[in-house]
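Given the coordinates of chain W, work out where chain C should sit on it, guided by the hints.
Chains W and C, in that order, give the protein sequences.
For the first sequence, position 327 matches number 1031 in our numbering, and the numbering has no gaps at all.
For the second sequence, position 46 matches number 750 in our numbering, and the numbering has no gaps at all.
I should point out that these hints are in silico values taken from the structure, not numbers from a laboratory.
Keep in mind that the hints are not guaranteed to be accurate.
[What the hints assert, rightly or not] Mimicking SDA-like on lysine to any residue, the simulated pairs with C-alpha atoms at most 25 Å apart in a straight line are:
id: 1; chain 1: C; residue 1: 855; chain 2: W; residue 2: 1044
id: 2; chain 1: C; residue 1: 896; chain 2: C; residue 2: 909
id: 3; chain 1: C; residue 1: 954; chain 2: W; residue 2: 1039
id: 4; chain 1: W; residue 1: 954; chain 2: C; residue 2: 954
id: 5; chain 1: C; residue 1: 954; chain 2: W; residue 2: 1037
id: 6; chain 1: W; residue 1: 855; chain 2: C; residue 2: 1053
id: 7; chain 1: W; residue 1: 896; chain 2: W; residue 2: 934
id: 8; chain 1: W; residue 1: 954; chain 2: C; residue 2: 1062
id: 9; chain 1: W; residue 1: 855; chain 2: C; residue 2: 1045
There are 2 protein chains.
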Amino acid sequence: MASPRWALPDHIEDALPEEAACIENLRRQLLDQFRLHGYQLVMPPLIEYVESLFSGTGTDMGEHTFRMADPFTGRVLGLRADITPQVTRIDAHLLNRSGVARLCYGASVVRTTPRSLLASRQPIQLGAEIYGHVGIEADIEIIRLLAHTLKAAGVRASRIDLGHIGLFRALIGRAGLSNEAERELFAVLRSKDVPALQALVAPLDATTRDALLALPTLYGGSETLERAAAVLPQNAAVAAALDELRAIAKALPDLPLSFDLADLRGYDYHSGLVFAAFCGNSPAAVAHGGRYDEVGQAFGRARPATGFSISDLRELLDRNADIRLPGAILAPANPAPALAAAIAALREANEVVVQELPGHIGTWREAGCDRKLILRGDRWMVEPLQGDE
Amino acid sequence: MASPRWALPDHIEDALPEEAACIENLRRQLLDQFRLHGYQLVMPPLIEYVESLFSGTGTDMGEHTFRMADPFTGRVLGLRADITPQVTRIDAHLLNRSGVARLCYGASVVRTTPRSLLASRQPIQLGAEIYGHVGIEADIEIIRLLAHTLKAAGVRASRIDLGHIGLFRALIGRAGLSNEAERELFAVLRSKDVPALQALVAPLDATTRDALLALPTLYGGSETLERAAAVLPQNAAVAAALDELRAIAKALPDLPLSFDLADLRGYDYHSGLVFAAFCGNSPAAVAHGGRYDEVGQAFGRARPATGFSISDLRELLDRNADIRLPGAILAPANPAPALAAAIAALREANEVVVQELPGHIGTWREAGCDRKLILRGDRWMVEPLQGDE
Chain W
705 MASPRWALPD
715 HIEDALPEEA
725 ACIENLRRQL
735 LDQFRLHGYQ
745 LVMPPLIEYV
755 ESLFSGTGTD
765 MGEHTFRMAD
775 PFTGRVLGLR
785 ADITPQVTRI
795 DAHLLNRSGV
805 ARLCYGASVV
815 RTTPRSLLAS
825 RQPIQLGAEI
835 YGHVGIEADI
845 EIIRLLAHTL
855 KAAGVRASRI
865 DLGHIGLFRA
875 LIGRAGLSNE
885 AERELFAVLR
895 SKDVPALQAL
905 VAPLDATTRD
915 ALLALPTLYG
925 GSETLERAAA
935 VLPQNAAVAA
945 ALDELRAIAK
955 ALPDLPLSFD
965 LADLRGYDYH
975 SGLVFAAFCG
985 NSPAAVAHGG
995 RYDEVGQAFG
1005 RARPATGFSI
1015 SDLRELLDRN
1025 ADIRLPGAIL
1035 APANPAPALA
1045 AAIAALREAN
1055 EVVVQELPGH
1065 IGTWREAGCD
1075 RKLILRGDRW
1085 MVEPLQGDE
Chain C
705 MASPRWALPD
715 HIEDALPEEA
725 ACIENLRRQL
735 LDQFRLHGYQ
745 LVMPPLIEYV
755 ESLFSGTGTD
765 MGEHTFRMAD
775 PFTGRVLGLR
785 ADITPQVTRI
795 DAHLLNRSGV
805 ARLCYGASVV
815 RTTPRSLLAS
825 RQPIQLGAEI
835 YGHVGIEADI
845 EIIRLLAHTL
855 KAAGVRASRI
865 DLGHIGLFRA
875 LIGRAGLSNE
885 AERELFAVLR
895 SKDVPALQAL
905 VAPLDATTRD
915 ALLALPTLYG
925 GSETLERAAA
935 VLPQNAAVAA
945 ALDELRAIAK
955 ALPDLPLSFD
965 LADLRGYDYH
975 SGLVFAAFCG
985 NSPAAVAHGG
995 RYDEVGQAFG
1005 RARPATGFSI
1015 SDLRELLDRN
1025 ADIRLPGAIL
1035 APANPAPALA
1045 AAIAALREAN
1055 EVVVQELPGH
1065 IGTWREAGCD
1075 RKLILRGDRW
1085 MVEPLQGDE
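Just chain W, same shape as in the assembly:
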């Protein structure tokens, strides 16, 4: 064994005190925003039967999921790699509301492989979902909530790209492709592999061919929708998708919206609008979302659904280096009631007070102390820690 006993697996990390405090703070801020907007927290379990985890939006999760046998039943359990299918299960089967359900979550997921070279295999996923409302009002609310919560957490979105799965579906419908050809086309579009795309669309009718070739070029500002209307086939499905995007953008004039009509992420389960939020100049989205209206069916109840998830809370933190932990106050090991009262009052005022343990002079700074409680006359006062304390 080359690495020591205590080495962690690749792409698996501890959060040590400073980072852990930042994660905890940011998680609370984001969940508080969700809560204040009416999104109710749910906590589905870390492990479930794979039949359930791989239903709905989880259909493509199989290769990313650690599996183990349940000693009670011998059935295969999965360590969840995504929380959205679990929340869909909860809405469809457990809450069973007739009206709108707004739900949110914020917890760790575990993947067999990381999403990218720098990503963790244990991202902290946070998200919010609206079930039960078919109109674009829900999509507008969800996008606004994402922008608002990112801003409230100090990581303003620099760009939110909108796309629509209905466009690709309309083109595929025209082409009359086999399932296999459809998957192939989907793959080259996702990878924006233009030569492969050209080869694949060559046998198709000219309108469809030109439209599919144009799709990867349809990104940018609001003019994108006009270009799309000009180059895509003029049928009802295409017109409806473009109208929807136009209406959503119109309702969110204050957000940095743009368009990426070849965004096919979550094609297996998304049914309409898709979107992705970016921070700073990073090319990797910090959050993804969209419509997935048919997904609850897998759990016995199809409900309209729209929502987003933040891929990894830690990736927001990296963009948010301003957070600083306040220092702690060292209190002497002294049983005086007046000292106990002073400590209690400081803690009540949200100050961290560390009670001294005898024999550790010179080590309190490493424990985060920068001040001390000291008796001046008959009052306990807070003063800066001296160099050698």
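Okay, now just chain C, sitting in the frame of chain W:
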């Protein structure tokens, strides 16, 4: 498959909105208390190599831990069933402080089998540890912190039992038993199986035999220590252990302390004091703790250590039924800036405001609304929700 696709495995549960909000609140309250007392939060990962998870206090965790292969290395990963070994690893190897480290954690662990018939296989474990201080001041602080945090969370400890692993070790040392005989003796003492105990101690010298037979009877109030001094062999190790217990009890006169000198929980890694906290009349402890001074050795650095862990946050909740979620305020779907300002002000004041989505009359109560925002004259007012809204 007899159960539906969405059934959860036995002893695995979702937390739905009401319970999830209570869990989140209680977790924050407890972690805030830890923080204000100088305990720094750490977040070790859900999965690690088993060599690491089963070191130190984790030696008896093997049978409780789900295992899976790491696709990167083929090595065996475990889904953690306990967080303490991870925190010990962090203190020993990562922080590497010369002075005292106060660390805490609060997160889910997963067990292959539940601790009891009613327990979850995914308990939420919270705990606090002091590394680097050998004196009983640390033990006293840890017990006081446990009592304080339970009280702050509204679940006051009704009893805290103290024991000391040094007593059993001293008796075993006298008896000169084989490892196997020691394990057997340990097992019958833990199960308080008196007939089996009598058979096992029969061949021993009279003093050791009588002491081991007396051990299961040594529980109760402060008189227990006097009884123990009378019935246990009078050697230095026994005297030191009893002195330590006496000193700790003396320093905590305001806590409901009692003694259970046959408590051998964590015998594999505990080195001195052990304790268990109980709430109400429940015979199951809500938290366990004690000294484990040699444990860091497994990670390359032995440090004195003492701490506790709360077995499952949800079990505290069951005893804490007072928590009630505040109702939400329904706001109309109206783009008026004055309404937006009213909503923002309410949310700023920590009120949950749900913006209406059109077409769901009669369903807002199930979403948690009990009030609504309504325009009276030129002011937006909060009023009770009417019956059919």
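### Message
Need the list of violated hint numbers for this structure, in ascending order.
### Response
4
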